[in-house]
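Chains as they are written, first to last, in the numbering used here: chain Z, 507 to 675; chain V, -5 to 415.
No lab work stands behind these hints: they were computed from the structure. Among the hints, erroneous ones may be present.
[Unchecked claim] Counterexamples of contact, computed for chain Z against chain V with all Cβ distances above 12 Å:
id : residue
1  : Met507
2  : Asp521
3  : Leu531
4  : Glu575
5  : Phe594
6  : Gln627
7  : Gly631
8  : Arg634
9  : Asn635
10 : Leu651
11 : Arg667
[Unchecked claim] With a cut-off of at most 30 Å between alpha-carbon atoms, the simulated BS3-like pairs for lysine-lysine come out as follows:
id : chain 1 : residue 1 : chain 2 : residue 2
12 : V       : Lys53     : Z       : Lys542
13 : V       : Lys6      : Z       : Lys670
14 : V       : Lys6      : Z       : Lys542
15 : V       : Lys74     : Z       : Lys670
16 : V       : Lys53     : Z       : Lys670
17 : Z       : Lys665    : V       : Lys53
18 : Z       : Lys534    : V       : Lys6
19 : Z       : Lys670    : Z       : Lys534
20 : Z       : Lys508    : Z       : Lys542
21 : V       : Lys74     : Z       : Lys508
[What the hints assert, rightly or not] Chain Z regions said to be covered by chain V (calculated; three or more residues, Cβ under 8 Å):
id : stretch
22 : 551 to 563
23 : 566 to 574
24 : 583 to 589
25 : 636 to 648
Keep in mind that this is a model prediction, so the values were computed, not measured. Note that CB positions come from ideal geometry on N, CA and C, so glycine has one too.
Here is how the chains run, residue by residue.
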Amino acid sequence: MKAEISGRAWVFGDDVNTDVMAPGLYFKSPMAEMAKHCMEAVAPEFARSVQPGDIVVGGRNFGIGSAREQAAMALQYLGVGAVLAPSFGRVFYRNTLNFGIPALWLPADMIVEPGDCLHVQPETGHIRNETRGTACNAPALPAHLLQMVAAGGLMPWLKLRLAKENRDG
Amino acid sequence: MPQTLTQKILAKASGQSRVAVGDIVTCQVDLCLLLDSGGPRRIWPRLKELGTGVWDSEKIVLVSDHFTPAVDVESAAILKLTRDFAATFGIERFYDMQGIGHVLLAEHGWLEPGMFAVGGDSHSSMGGAFGCLMMGFGAIEMTGVAVTGEIWIQVPDTLRINWRGDFGPGVAAKDIMLFLCREVGTDNAFRVLEFGGDTVTSMSLAERGVLCNMAAELGAETGVVPADDATLAALQAAGRTPAADALEWCTDADAEYLAVHDFHATRLAPQVAAPHSPANSGPVDQHAGTPVDQAYIGACVGAKLEDLRMVAEVLQGRRVASGTRLLVAPASQRAYQEAAADGTLATISAAGAYLLPTGCGACAALGAGILAEDEVCISSTNRNFQGRMGANSAQVYLGSPYTVAASAVTGRITDPRELLA
């Protein structure tokens, strides 16, 4: 995990749900196809224009709804560097971290407009909006989650755990 | 310090005498529900990558419900892989084309008060009807559970939601939840909804399941109805013997809730949620008269035996309107069989409804009954997000089985009380 993630902001509204991030119609398709339709219903240009490292800024209750991991996987596939929102759908929040993408609770008074250049430090929670010359501190990730995200997500973390268990017998 | 039911269950699951709200604890899982959607097809390749198997096949319940029956080679392959997984890991509690997992857990009595259970989709919260804590997670995290039998939980706050008084005719638990999506809101991560009051304690376990199921729509960690004699009776009817301490799983009298909400069921009108959110709800008269192309009875929340009986009560002696189609996908084979035995299905079929196989069906745009561009549907399912049931421009309204059936009869969104009077 990079100490600082820098990218352009993609800004979404309140209550964007995981059906919108990963539509059920593409459940049987490979992720390459599913990811093309990520956010299609609310931002048709997102999937084709987002660049690796870009930062997704959600509104309240970002990622509510279905537990489908494909929502976070689509963002991972598209190279999203971090996800910020004032509040999250509970499973989406966990899934995002499980796929190694830092997810931070954005202070409600921090203004981010589409295309703003953001710098995010996952370990400290420090967020800087270079375009607007503003900064804020989100709550840092709890230690156990930071370790998992730093390892690259739940799978790499499980590999480390299993290897340790094998070593320790 | 007094504890909430949620704290007590998480304390037991994490091997501690007590836990405080906000604590991050590692819980041992008592029951793990895997589904064909986010189960073996997503978990098995990861187990292979990790070079390991499942931690305890006896604690896993595996259900094929999202892709049943196969409609193309891809869904057939998913179902085949799910069967292979059950055989390879010796999972005895495997239900293939028997109905929707959340409903099967209740029918078979696999949940009991005080349990800590997890499931591979968001509506796993439905298990809370049995006085246990059951939470939904994504397949990646269910992989972690399958390997370790553990999961981390941040001990949530509890919102206590009391309902008092009797429903009027044509009103059901579904109306309570559509009302709560609007009144309490959908931003409730790190909160558990604990339901109580005489309206709730007089509900069947199936109706309690509706409350807990749609706790997911409120964004809550889960929902729970503390166990009572009805819970024990339901377990006994399923052939289980409840533990001697089953009724001790309850919130202490002076435990601290984040908030307590009190509502009255007697004044509750049938509710309808307009596109594209369950929180976009109001009394049915706000949308009465809206023409519908399709009326859909289906899903874990809305096609159990009791739901089918609500539909039949409205359809008795009536016909589905010309120009509107009524699709009915019973939630389980047992519901199908019992509805066939007591005449419920005959009434529904005679009214002109189109009967579909059991399973998750059109609710998540995976099975039969998907909507075309611009079509309007009223549905007994639990969420109406844009594109959820098919085309992005389709308009899905949510209502109780009563309201969906009444709307099918008139071809327009209709207050079921007009037909039941």
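Hints, verified against the model:
Separation of Z:Met507 from chain V is adequate, the least Cβ-Cβ distance of about 17 Å exceeding the 12 Å criterion. A Cβ of chain V approaches the Cβ of Z:Asp521 within 12 Å, the least distance being about 6 Å, so the stated non-interface status is violated. Under the 12 Å C-beta cut-off, the non-interface status given to Z:Leu531 relative to chain V is violated; the minimum distance is some 5 Å. Listed as a non-interface residue, Z:Glu575 fails to keep its Cβ farther than 12 Å from every Cβ of chain V; the least gap is roughly 4 Å.
A beta-carbon of chain V is positioned within 12 Å of the beta-carbon of Z:Phe594; the least distance is around 6 Å. The beta carbon of Z:Gln627 sits about 22 Å from the closest Cβ of chain V, which is more than 12 Å, so the claim that it is off the interface holds. Separation of Z:Gly631 from chain V is adequate, the least Cβ-Cβ distance of about 17 Å exceeding the 12 Å criterion. Chain V leaves Z:Arg634 outside its interface by the beta-carbon criterion, the shortest separation being 26 Å against a cut-off of 12 Å.
With a cut of 12 Å on Cβ distances, Z:Asn635 stays outside the contact zone with chain V, its closest approach being about 24 Å. A beta-carbon of chain V comes within 12 Å of the beta-carbon of Z:Leu651; the shortest separation is about 8 Å. A beta-carbon of chain V comes within 12 Å of the beta-carbon of Z:Arg667; the shortest separation is about 8 Å. Between V:Lys53 and Z:Lys542 the alpha-carbon distance is near 37 Å, which puts this suggested pair outside the 30 Å criterion.
About 27 Å separates the Cα atoms of V:Lys6 and Z:Lys670, which keeps this hinted pair within 30 Å; it holds. For a cut-off of 30 Å, the pair hint linking V:Lys6 to Z:Lys542 is broken: about 44 Å separates their Cα positions. Simply put, V:Lys74 and Z:Lys670 have alpha-carbon atoms about 34 Å apart, too far for the 30 Å limit, and the pair is violated. With a CA separation close to 25 Å, the supplied pair V:Lys53 and Z:Lys670 stays within the 30 Å bound.
With a CA separation close to 23 Å, the supplied pair Z:Lys665 and V:Lys53 stays within the 30 Å bound. For the hint pairing Z:Lys534 with V:Lys6, the CA-to-CA distance comes to about 39 Å; that exceeds 30 Å, so the pair is violated. A hinted pair counts as satisfied when its Cα atoms are at most 30 Å apart, and Z:Lys670 with Z:Lys534 does not qualify at roughly 35 Å. Only pairs whose Cα atoms come within 30 Å are accepted, and Z:Lys508 paired with Z:Lys542 is accepted, the gap being roughly 26 Å.
Using a Cα cut-off of 30 Å, the hinted pair V:Lys74 and Z:Lys508 is violated, with the two alpha carbons roughly 41 Å apart. For the stretch 551 to 563 of chain Z, the assignment as covered by chain V is violated, since 0 residues bring a beta-carbon within under 8 Å of that chain's beta-carbons and 3 are needed. Coverage of the stretch 566 to 574 of chain Z by chain V holds in this model, with 7 residues showing a Cβ closer than 8 Å to a Cβ of that chain against a need of three. Only when three residues or more bring their CB closer than 8 Å to a CB of chain V does the claim for the stretch 583 to 589 of chain Z stand; here the count is 0, and the claim is violated.
Under the rule that three or more residues need a Cβ within less than 8 Å of chain V, the assignment of the stretch 636 to 648 of chain Z is violated, with 1 such residues.
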